[in-house]
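Q: Take a look at the letters that make up each chain.
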Amino acid sequence: MKKILSLLVVLACVVMFGSAVYASTDTVKTINASADFASSGEVYISFNLKNLADDSTATAIAWNPSAVTLNSGTETWKTAQQYAVMVASVTKTTGAIYIYQDNKSNSTDYVATNPRTNQDGTKAFSGLVRKGSGGGESRGYIPLSYTMSATKLSSSYEYNTGASTARYLTDKSDLKSDGSTSNFNVAYTTIANINGFVGGVTGETGTYALTGVTGDTAYMYFGAGFKDVQGGDTYKTEQILVLTFQE
Amino acid sequence: MHAGKLKFAGMHMFKTGEYLQVKKIQRLAYFLFVCLFVMLFTNNLFANNLTDKHVYGLFSENFNGATQNAGTVDDNIVYNVWKGDLYPLPVVNTVSGSDAKEGNNYYSCSVSSASVGWSGFCFTFVTGTGNTVTTRDISAFSTLEFYIRPKTGDVSDIKVGVTDSTDRTVKLSSLGINNSSHTWQKCTINLSSLPSVNLTNIKNPFLFNTTFATATFDLDSIVLKRSSIGEFNVTIKNISDNLATSSVTWNASSFRKNWVAAEQYLELSLDILETDNWNVRIYTDNGAVSKDGLVDTASGTKVLQMCWRVSKNLLPNASGDTLVIAYSGSPNYALYDGGKSATDPWYYPWFYITDSAKGDATDYSLLWDSRGYHISVSGDFGGMNNPIYPKVYLGANCANAIGGLTYNANIKVILSYE
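From first to last, the protein sequence lines are chains D and H.
Sequential numbering from 43 applies to the first sequence in the working numbering.
Sequential numbering from 216 applies to the second sequence in the working numbering.
Don't read these hints as lab results, they were simulated from the structure.
Each hint should be verified, as a subset may be incorrect.
Here are the simulated DSS-like pairs of lysine-lysine, each with C-alpha atoms no more than 25 Å apart in a straight line [as the list claims (entries may be wrong)]:
1) D:Lys-71 with H:Lys-573
2) D:Lys-269 with D:Lys-146
3) H:Lys-527 with H:Lys-627
4) H:Lys-418 with H:Lys-374
5) D:Lys-71 with H:Lys-627
6) D:Lys-278 with D:Lys-92
7) H:Lys-506 with D:Lys-71
8) H:Lys-418 with D:Lys-71
9) D:Lys-269 with D:Lys-214
10) H:Lys-527 with D:Lys-71
11) D:Lys-269 with D:Lys-165
12) H:Lys-573 with H:Lys-555
13) H:Lys-606 with H:Lys-527
14) D:Lys-173 with D:Lys-146
15) H:Lys-627 with H:Lys-452
16) H:Lys-401 with D:Lys-71
17) H:Lys-418 with H:Lys-401
18) D:Lys-120 with D:Lys-278
Sample of chain H residues facing chain D (criterion: CB under 10 Å; computed from the structure) [stated by the list, open to error]:
19) Leu-483
20) Val-504
21) Ser-505
22) Leu-609
These numbers come from a predicted model, not from an experiment.
Beta carbons: idealized from backbone N, C-alpha and C, even for Gly.
Just chain D, with the same shape it has in the complex (with noise of 0.2 Å):
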């Protein structure tokens, strides 16, 4: 018994030992660095409209009547004669660049009085407004949507809705089925945001970033989709408007 208390005593003083002449002894000093960036950070765009047939500059955008089939029953979706190019940089976390329209303030003839109701029942008053319509129902409007790309595309681009980038241009006054609740939906208005541009929607407000990048160059493609204009229709929109956002 003896001996196990001396050994235990020397192996104590072994681990007692041991430990001082490894120890490290710490002094710590602690010291706080920020940078506030609380007030920095721009949101800017610029925007400008491209002619597809030849890169001139455009001041509008149009369809050409004769790539349309009058009255055909089903709806088949047109790209723009024109583009529009778009440098932008979001360095604000607040900040965000939007694209919506606002039909009611449209000139008296194509202001959009009525919405129509879509397949899932929301209200909208989006696209372009027949003339003289006041919109509603029947014929009063053509959806509008619009895709962007990170690169530029041929002039003989054809609109694939079918694209994960294709997004309904929304109006600021739609509504969701209840008729009175806005249904203003930024996920599908956000062109683009901290994240770069934004290239899409993935479920009802998931989106992915076309580019991360802010101040790159992206582009911007708008589609219509025709299904029951008839000859003598004019259809237009006076207020498709690109918003820059910050708090």
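Got chain D; can you put chain H on it based on the hints?
A: Chain H in isolation, oriented as in the chain D frame:
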């Protein structure tokens, strides 16, 4: 209703004599303020290290102390060599080399005496522009410590110690020196054990002498040390005016810019020498390996990478050292001084910072150890001369900073010794 003068509560009408007294007090207060200002901002100029320091460097590139031929400031010393007639002087030269025990420099000494010869080398306290020999009180110090590296001959009989009215020495052999081992060996002399020494009246705080030895040897890291423990301090100072402040910041002008130096630097002050195996390291302390920089306070996921460099000098300086942080790209992917050449690794003084969560104890966290301050990623270290207060500069890559956010980092500067 009261008639008469309007009197405000707390207002006192001074009489002429009182007014003059007040003016005197104001002048005195102003004078004291100016004195305080001068003391604060020229602290190194008027430092009395012998009074202030726990580790007092006599020949040290890491610890403040005496300065050779320092003119009228305190802590002025000169070194002397002497010999008896007909016998050669000791040869004592300062040598630069990576084999120094501390910093870059050490003394290379050679003594060559006949059997009855005597010679020596010492540091002597002096004062005034004429270097008048004086004595100082070193009784607050308990030990005289230094390193010696025997090279040729026999150093055993060389005596080492201090001088008051006469030399108070012990033989190196009594300090356990292994003459046949040509490596740096630590010597510690208990000052109070020197026979009959009067430590309040010391002329030479270090000397060696010999009467019979022929030997060559090196000396380095000669310090006086108190028994009480000193301090390791980190002071944050503004680059703009060198005034102390409370935190390190990058202002809004850094937004979306590549590597940018912070507006402050850290000034290190080391006055501890518990053991000679010590080092000072720097980390972020943000709780994750990936958070090795400034982390946004909103989500805690966006990180602006940080870097650091340490210098013995204030930057930028007249030698062309700048605070412009440049990125070399391939093949080194290093950060270098934008005022220097990207092709010379000597000018890669910026180190990417690592987070303490990584448990990293590599060169990328090492600021300072007995070899000196960590000059560059190529492994260079530099010794320093009085005043020894290494400056640590911090940088951050703000190129991907996001407006509307604030980024924070906890920085740890750690002195470790074993």
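Q: Hint by hint, which ones does this structure get wrong, listed from lowest number up?
A: 8, 12, 16, 20, 21
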